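Build out the structure end to end from the sequences listed, making use of the hints.
Numbered according to my numbering, the sequence shown spans residues 482 to 1117.
Hints are not guaranteed to be accurate.
As the list claims (entries may be wrong) - Okay, derived cross-link-like pairs now, DSSO-like style, lysine-lysine, Cα gap no bigger than 27 Å in a straight line:
#: 1; residue 1: LYS1011; residue 2: LYS1022
#: 2; residue 1: LYS784; residue 2: LYS760
#: 3; residue 1: LYS545; residue 2: LYS631
#: 4; residue 1: LYS802; residue 2: LYS887
#: 5; residue 1: LYS507; residue 2: LYS657
#: 6; residue 1: LYS746; residue 2: LYS729
#: 7; residue 1: LYS942; residue 2: LYS902
#: 8; residue 1: LYS998; residue 2: LYS931
#: 9; residue 1: LYS942; residue 2: LYS1006
#: 10; residue 1: LYS679; residue 2: LYS657
#: 11; residue 1: LYS784; residue 2: LYS855
#: 12; residue 1: LYS679; residue 2: LYS545
#: 13; residue 1: LYS843; residue 2: LYS784
#: 14; residue 1: LYS1016; residue 2: LYS931
#: 15; residue 1: LYS1070; residue 2: LYS1011
#: 16; residue 1: LYS891; residue 2: LYS863
#: 17; residue 1: LYS931; residue 2: LYS961
#: 18; residue 1: LYS850; residue 2: LYS802
#: 19; residue 1: LYS744; residue 2: LYS847
#: 20; residue 1: LYS891; residue 2: LYS788
#: 21; residue 1: LYS903; residue 2: LYS891
#: 22; residue 1: LYS679; residue 2: LYS802
#: 23; residue 1: LYS843; residue 2: LYS863
#: 24; residue 1: LYS903; residue 2: LYS972
#: 25; residue 1: LYS869; residue 2: LYS843
#: 26; residue 1: LYS887; residue 2: LYS863
#: 27; residue 1: LYS486; residue 2: LYS566
#: 28; residue 1: LYS972; residue 2: LYS1040
#: 29; residue 1: LYS902; residue 2: LYS961
#: 30; residue 1: LYS961; residue 2: LYS944
#: 31; residue 1: LYS998; residue 2: LYS1011
Hint data in this document are derived by calculation from the structure and do not stem from the laboratory. Just so we're clear, the structure is a prediction, and the values are computed from it rather than from any experiment.
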Amino acid sequence: MAETKQFKAESKRLLDMMINSIYTHKEIFLRELISNASDAMDKLYFKSLTDDKVGMNRSDFFIKIETDTDNRAIIIRDNGIGMTKEELENNLGTIANSGSFSFKNDENNTAEDVDIIGQFGVGFYSAFMVAKEVEVRTKAYGSDQAYLWKSQGVDGYTIEECEKDGTGSEIRLYLKDDTDDESYEEFLMQWKIKMLVKKYSDYIHYPIRFDMAHDHLVEGTGTEDVPPEYHTHIVEETLNSMTPLWRKSKSEITAEEYNNFYKEKFYDYHDPLKYIHVKTEGTATYDGLIYIPSTAPMDFYTKSYEKGLQLYSSGVLIMDKCSDLVPDHFCFVKGLVDSQDLSLNISREMLQHDRQLKIIAKSIEKTIKNELKKMLANEREKYEEFWKIFGMQIKFGVYNGYGANKDLLKDLLIFVSSNEKKYVTLDEYVSRMKEDQKYIYYATAETVDKADTLPQTEVVKDKGYEILYFTESVDEFAAKIMVEYADKQFKSISDADLDLETAEEKEAFRKLSEESKDMLEEIAKNLNGKIKSAKLSERLKSHPVCLTSEGQISLEMEKTFAQMPDNQGVKAEKVLEINPDHPIFEVLKGLYDTDKAKLADYSSMLYTQALLIEGMPIENPLEFSNLVCSLMVDKK
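Right, dumping it as structure tokens:
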């Protein structure tokens, strides 16, 4: 006769929380029940190692899933160790009590090859997220009596004797009625069960079997206009692959297998650029497969992109994207980590932010960095391909967090340089600097060609110095945050002082600037606050004018800030530089003496030309066009 009992955890509210709040997705119930079945078989297998009476090998164990559509029921069977009446009360009658946890922590248990997944007793109660009633029919190993445990949730449970063939457990879930918001009937569909097993339990090391219905065509049953007849028959299929690829030896896996696994698991049509198979023991014990994609996802540089690696615990999927395992600067990687050492909370869906997680994350970061360095050193062409896709993310990583990761990432940086317009590392640049070169020079522009033709590059090139070309908005920000590399400071060719002249050149230039002081002040006055000052240029050779900047905000930074949604009008302190060796300089001197009104027109025209050279917007294109035409027709 059935005996009704209340749950030992007295609070109805506690069970409500277990069922409705701990788990994010209702589909998790199948993962939890399969994991519990796997635990039960692990326990009996462990017993078989010391007890010949068990009479079972590892290959004899299996999990069977069935559906009963007439009664809206899902059945999960296993031939594991089963439970006694006392164990039913302790394991299922006490919320958050775990037989698996006790087994794993038994001081007499020395099995090293048995993985117990379910360490928390609430996994079973996830069944009530989808079921209005749950039955557990079980017979313990070595016992002649089977027991039936029934419960409808918060009202308690009953236990009674029953009949059952063989050792093990059978869990039967009677699904809740469908509502406008929830469809529970879909869990009876074979495609859904197959999908859930593949997603969460593909690597449970026992076969998970399911009776799949197949339609077969019976040909030759009528004339051409009569459709063929079909009949349906049932075939038992194993839904899980059981052996994780990452648990195999690297020597056993081909490149094709690595690539196919990536494409199937992470829904990419292209082979990855690189795969990294990680096996570590010790402080951080985990297996992992990390991939660098050969193409960026469509949403990669958007807010909707989610970083993270899949997290497994003993082959069971815990999280689809664990963002804590991947730093932002390496957020482009895909892959998975499987560890037995992580502290999971009672739902297994969320990680405790413990020391072990941080150790694994740090290990992964180091592994990715080392692999990228190897690629840079040994597979330069492939690295440059990677850089074109994900290099911006590395540069953002240098800049973010006030440069917290700059030392980690600086050796991964490459830029196109004026030397053959090829990519160079910072180390390569510094190693071939001229003996008298003080700085790492760079030029900023939208493209390499535009940077290469900037007026400011002439004097630097004439000195024989190499120039790095910064063509992405983050480049200069990264250089500013690094300040220097190998004790050489970064220097923009647009900085106010390039410090390239000899002492004699500086003295001659000082005298000429002093003689032109009044005219330069007049030009600055004509531009009415658009520039901080006008000055003669030491950097220009063939071009008449250019813009440079003083202070921390460069011209390129001003352009970047202007493109931001919250643009607050951040401006560089602009300096209009005039080439004293260009014919325009003599024209300006003459106008200063004879026609200051026309000097104002020339000042405006030269300033606008300098803006255009820098790729910066001009305030009034029509006014500029009219001014140029007016000066062209003026015969005076």
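Against the structure, the hints come out as follows:
no.: 1; hint: LYS1011 / LYS1022; result: 24 Å, holds
no.: 2; hint: LYS784 / LYS760; result: 32 Å, violated
no.: 3; hint: LYS545 / LYS631; result: 20 Å, holds
no.: 4; hint: LYS802 / LYS887; result: 26 Å, holds
no.: 5; hint: LYS507 / LYS657; result: 12 Å, holds
no.: 6; hint: LYS746 / LYS729; result: 17 Å, holds
no.: 7; hint: LYS942 / LYS902; result: 13 Å, holds
no.: 8; hint: LYS998 / LYS931; result: 32 Å, violated
no.: 9; hint: LYS942 / LYS1006; result: 33 Å, violated
no.: 10; hint: LYS679 / LYS657; result: 24 Å, holds
no.: 11; hint: LYS784 / LYS855; result: 31 Å, violated
no.: 12; hint: LYS679 / LYS545; result: 15 Å, holds
no.: 13; hint: LYS843 / LYS784; result: 24 Å, holds
no.: 14; hint: LYS1016 / LYS931; result: 24 Å, holds
no.: 15; hint: LYS1070 / LYS1011; result: 21 Å, holds
no.: 16; hint: LYS891 / LYS863; result: 19 Å, holds
no.: 17; hint: LYS931 / LYS961; result: 21 Å, holds
no.: 18; hint: LYS850 / LYS802; result: 20 Å, holds
no.: 19; hint: LYS744 / LYS847; result: 25 Å, holds
no.: 20; hint: LYS891 / LYS788; result: 22 Å, holds
no.: 21; hint: LYS903 / LYS891; result: 18 Å, holds
no.: 22; hint: LYS679 / LYS802; result: 16 Å, holds
no.: 23; hint: LYS843 / LYS863; result: 25 Å, holds
no.: 24; hint: LYS903 / LYS972; result: 20 Å, holds
no.: 25; hint: LYS869 / LYS843; result: 26 Å, holds
no.: 26; hint: LYS887 / LYS863; result: 23 Å, holds
no.: 27; hint: LYS486 / LYS566; result: 13 Å, holds
no.: 28; hint: LYS972 / LYS1040; result: 18 Å, holds
no.: 29; hint: LYS902 / LYS961; result: 23 Å, holds
no.: 30; hint: LYS961 / LYS944; result: 24 Å, holds
no.: 31; hint: LYS998 / LYS1011; result: 18 Å, holds
Checked against the numbered hints above, the structure breaks hints 2, 8, 9 and 11 and satisfies the rest.
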